[in-house]
Amino acid sequence: MGHGVALAHGDNYINHSKGLKSWLNTLDHKRIGIMYLIAILSFFLVGGIFAMLIRLNLFSPGSTLVSPSKYNQLFTYHGAIMVFMVIIPMIPAAIGNMVLPMMLGAKDVAFPRWNLASFYVYLSGAAIACASLFLNGVDTGWTFYTPYSIRTSTSAVWVLLGAFVMGFSSILTGLNFVVSIHKLRAPGMGWGKMPLFLWALYGTSVIQILATPVLAITLLLAALERIVGIGIFDPALGGDPVLFQHFFWFYSHPAVYIMILPAMGVISEVVPVFSRKPIFGYTAIAMATFGIALVSFVVWGHHMFVSGQSEFANFLFSLITMFVAIPTGVKVFSWLGTMYKGSLHFHAPMLYAIGFIFVFTIGGMTGMFLATLATDVHLTDTYFVVAHFHYVMVGGSLLGFLAGLHYWFPKFSGKMYAETPAMIAAILINVGFNVTFFPQFILGVLGMPRRYADYLPQFTTLNRVSTVGSWIIAAGFLLVLFYLIHALLRGKKASDNPWKALTLEWQSPSPPPHENFLVEPVVTDGPYDYRGAKAGPI
Amino acid sequence: MGSHEVAGEHQVAHHFKSALDEFEACKQAMWIFLVTEVLFFSGLFVAYTVLRVFEPEMVKAAHHFLDWRLGALNTVFLITSSLTMAFAVSASQRGDNKRVVRQLIYTLILACGFCVVKIYEYSHKFHDKLLPGAHFGNTELTANKAGLFFSVYFVMTGIHALHVVIGMGVILWVILRARKNEFSPNYFTPVEITGLYWHFVDLVWIYLFPLLYLVG
Ligand SMILES: [Cu+2]
Numbered sequence: 001m002g003h004g005v006a007l008a009h010g011d012n013y014i015n016h017s018k019g020l021k022s023w024l025n026t027l028d029h030k031r032i033g034i035m036y037l038i039a040i041l042s043f044f045l046v047g048g049i050f051a052m053l054i055r056l057n058l059f060s061p062g063s064t065l066v067s068p069s070k071y072n073q074l075f076t077y078h079g080a081i082m083v084f085m086v087i088i089p090m091i092p093a094a095i096g097n098m099v100l101p102m103m104l105g106a107k108d109v110a111f112p113r114w115n116l117a118s119f120y121v122y123l124s125g126a127a128i129a130c131a132s133l134f135l136n137g138v139d140t141g142w143t144f145y146t147p148y149s150i151r152t153s154t155s156a157v158w159v160l161l162g163a164f165v166m167g168f169s170s171i172l173t174g175l176n177f178v179v180s181i182h183k184l185r186a187p188g189m190g191w192g193k194m195p196l197f198l199w200a201l202y203g204t205s206v207i208q209i210l211a212t213p214v215l216a217i218t219l220l221l222a223a224l225e226r227i228v229g230i231g232i233f234d235p236a237l238g239g240d241p242v243l244f245q246h247f248f249w250f251y252s253h254p255a256v257y258i259m260i261l262p263a264m265g266v267i268s269e270v271v272p273v274f275s276r277k278p279i280f281g282y283t284a285i286a287m288a289t290f291g292i293a294l295v296s297f298v299v300w301g302h303h304m305f306v307s308g309q310s311e312f313a314n315f316l317f318s319l320i321t322m323f324v325a326i327p328t329g330v331k332v333f334s335w336l337g338t339m340y341k342g343s344l345h346f347h348a349p350m351l352y353a354i355g356f357i358f359v360f361t362i363g364g365m366t367g368m369f370l371a372t373l374a375t376d377v378h379l380t381d382t383y384f385v386v387a388h389f390h391y392v393m394v395g396g397s398l399l400g401f402l403a404g405l406h407y408w409f410p411k412f413s414g415k416m417y418a419e420t421p422a423m424i425a426a427i428l429i430n431v432g433f434n435v436t437f438f439p440q441f442i443l444g445v446l447g448m449p450r451r452y453a454d455y456l457p458q459f460t461t462l463n464r465v466s467t468v469g470s471w472i473i474a475a476g477f478l479l480v481l482f483y484l485i486h487a488l489l490r491g492k493k494a495s496d497n498p499w500k501a502l503t504l505e506w507q508s509p510s511p512p513p514h515e516n517f518l519v520e521p522v523v524t525d526g527p528y529d530y531r532g533a534k535a536g537p538i
Numbered sequence: 001m002g003s004h005e006v007a008g009e010h011q012v013a014h015h016f017k018s019a020l021d022e023f024e025a026c027k028q029a030m031w032i033f034l035v036t037e038v039l040f041f042s043g044l045f046v047a048y049t050v051l052r053v054f055e056p057e058m059v060k061a062a063h064h065f066l067d068w069r070l071g072a073l074n075t076v077f078l079i080t081s082s083l084t085m086a087f088a089v090s091a092s093q094r095g096d097n098k099r100v101v102r103q104l105i106y107t108l109i110l111a112c113g114f115c116v117v118k119i120y121e122y123s124h125k126f127h128d129k130l131l132p133g134a135h136f137g138n139t140e141l142t143a144n145k146a147g148l149f150f151s152v153y154f155v156m157t158g159i160h161a162l163h164v165v166i167g168m169g170v171i172l173w174v175i176l177r178a179r180k181n182e183f184s185p186n187y188f189t190p191v192e193i194t195g196l197y198w199h200f201v202d203l204v205w206i207y208l209f210p211l212l213y214l215v216g
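As they're listed, the protein sequences go chains A and B. Counting along the first sequence from 1, when you hit position 446 you're at 446 in the numbering used here, and nothing is skipped either side. Counting along the second sequence from 1, when you hit position 86 you're at 86 in the numbering used here, and nothing is skipped either side.
Simulated crosslink set (EDC-like; lysine to aspartate or glutamate; CA at most 20 Å straight-line): (1) 17/B / 515/A; (2) 180/B / 192/B; (3) 145/B / 128/B; (4) 492/A / 419/A; (5) 341/A / 529/A; (6) 183/A / 21/B; (7) 500/A / 525/A; (8) 125/B / 67/B; (9) 183/A / 192/B; (10) 183/A / 24/B; (11) 145/B / 240/A; (12) 183/A / 515/A; (13) 125/B / 140/B; (14) 183/A / 520/A; (15) 17/B / 520/A; (16) 145/B / 55/B.
A few chain B residues facing chain A, derived, Cβ under 8 Å: (17) 28; (18) 36; (19) 39; (20) 40; (21) 50.
Non-contacting residues of chain A with respect to chain B, defined by C-beta distances greater than 10 Å in every case (computed): (22) 69; (23) 326; (24) 382.
These are computed hints drawn from the structure, not numbers from a lab. What you are looking at is a predicted structure, and each value in this text was computed from that prediction instead of being measured. Where is the CB? At the ideal position from N, CA and C, for every residue including glycine.
Start from the sequences, fold in the hints, and give me the full structure.
Here is the structure:
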């Protein structure tokens with residue numbers, strides 16, 4: 001790695017230009033990705049504190065910590081922040097921004113200026129939404145269901161408009177990625193040689209492009225409903241509140257895949273690298289991505305089984321929802337097939353990947369319970385639903401994000417993190433997660449409703465277990481924060497390719513130079529050809 | 001970087017291999033953006049359809065309070081402006097910057113005509129209290145829920161008008177660049193993609209006009 005060592009002391013994207021201004025005005029996708037990462041992790045901290053407060057309040061029955069109306073605001077902010085400000089941009093806008101052009105072998109994304117604009121649009125949207133904190137707060141839940149969101153005396157308009165604005169940043173990122181993938185692939189990189197993370201980002205971008213505009217118009221109409229009283233969603237004026245639910249879920253169901261597809265992409269990178277084996281079922285995984293994207297647009301009604309939509313619609317949405325399990329299952333078996341007879345290396349990224357497969361499978365399977373009409377009617381708005389989507393969003397997206405964060409950390413920081421605390425943290429987070437959310441499945445089946453500040457005394461034990469689990473997760477995250485900062489300040493220098501991976505970004509020095517590569521890369525082999533010498537141990 | 005290709009006055013961005021690659025990327029981005037626009041408006045069209053299916057009598061009664069002649073006049077304005085825009089695009093491909101400026105000024109004038117008619121219509125609606133939802137107060141139109149029709153009318157035409165105004169700003173920007181002779185057969189991307197956007201705005205109106213002004 002001659003050039004890397006020489007260059008590590010020379011010019012890279014971090015020291016290429018100096019001063020805060022050179023960061024704030026940068027058009028470099030890597031720096032924009034870092035800025036996204038810092039912003040998103042800050043919001044993650046805020047959303048996480050809200051989560052801890054929710055769990056603390058539920059440690060004992062009765063309004064022990066906050067009043068019921070404050071509790072409503074707690075779960076609304078927790079949900080809205082985590083969904084719109086953290087999980088949706090987390091992998092695409094932060095990790096994707098850094099990795100995508102390098103995986104393509106390109107110097108940047110197709111439209112660097114729009115890329116920077118998307119970051120500031122995101123920050124403005126987040127600022128507008130957070131402004132509500134200093135007004136009357138918001139207590140509608142992150143779903144903003146009408147007519148309550150029209151009537152509430154809290155500052156719902158600010159959060160509606162904030163989410164509206166953040167949607168544009170999401171669209172800009174998706175648009176940029178699609179064009180980049182089409183136009184900026186390195187010579188020799190046909191579609192069939194594209195890393196699966198890029199396929200995943202492509203599928204994600206398509207959903208961002210197609211679904212987000214519908215959310216935009218929905219939120220705009222809801223805001224106009226509050227400001228002007230247009231009445232389209234307001235039964236008091238002859239409008240239809242269920243129409244709002246249709247509009248909202250037309251976006252928000254596909255949005256679940258905006259959250260999970262990129263995480264699946266990360267897993268598809270990590271698993272072959274740490275199994276030292278070619279990926280099993282490359283084409284199947286790539287196509288399953290689009291299968292999921294496609295089906296995601298025609299299943300939104302499964303959120304509305306008890307909304308009063310017709311029996312026939314219920315039946316149809318229930319049936320189509322089951323189809324989601326097929327491409328998802330294809331992916332899970334492909335990852336397992338890749339690990340089978342591989343020489344597994346249990347570094348932190350791999351631990352998160354295995355955690356992902358385990359937890360996401362439970363999340364997906366319980367999704368089938370909710371897709372089934374008869375059981376869903378029983379489980380609607382109980383803690384079963386809460387547990388299910390946390391298994392998918394936290395257990396899926398967040399674990400995928402952590403796998404990616406650790407996997408690419410050496411590349412973009414140029415430093416290695418300490419492996420032992422990383423493994424301990426991975427175990428803490430995985431165990432803590434299951435301790436927190438598994439009891440909630442049982443609570444849901446027993447009939448504990450979601451979004452209540454209080455519960456019946458017989459649910460106390462399981463709620464306490466769940467709250468203790470949230471402390472374990474928090475301990476895990478604090479450990480991650482500690483050793484990553486330590487690595488940035490005092491970490492050992494990372495080599496160019498510490499995991500001996502084959503995708504293009506690892507051919508560049510760590511950290512990469514301003515224009516990503518010293519020599520323009522040319523692709524000859526596939527991204528997962530771990531055979532012969534290339535399959536050697538890490 | 002000595003490898004930058006020079007096309008006219010325009011410098012190809014460093015991450016594109018050629019001017020053609022850059023042009024195609026911009027054009028593709030514009031098409032994708034237009035797809036997002038279609039989906040943005042689709043929400044409104046769905047709201048309209050729901051209203052029309054569930055309240056056919058009301059929609060029929062309410063649409064008589066829109067003046068179809070003004071709507072038709074605006075349709076003529078926009079279709080003609082699409083034509084002048086097409087002339088501007090083909091002029092830019094030949095590098096005839098003078099003609100680009102002239103045709104785009106025609107486009108702007110027609111767009112202004114559209115806005116004037118729209119403002120006139122709106123002020124009329126305000127005067128007659130033909131207003132959205134809660135603010136509806138017209139006494140001649142007695143159909144139940146008529147306010148919802150005007151909600152849909154104002155939101156749809158309002159968002160469309162906003163697109164017209166944004167388009168006018170973009171056209172102005174292209175005019176300023178054409179005056180500096182920036183466009184040539186090698187580089188006419190801004191004119192081309194502004195043209196795509198303008199045709200889209202025109203197309204939306206071609207749907208809005210019959211749906212709102214010419215109900216059965
Ligand atoms: Cu769903």
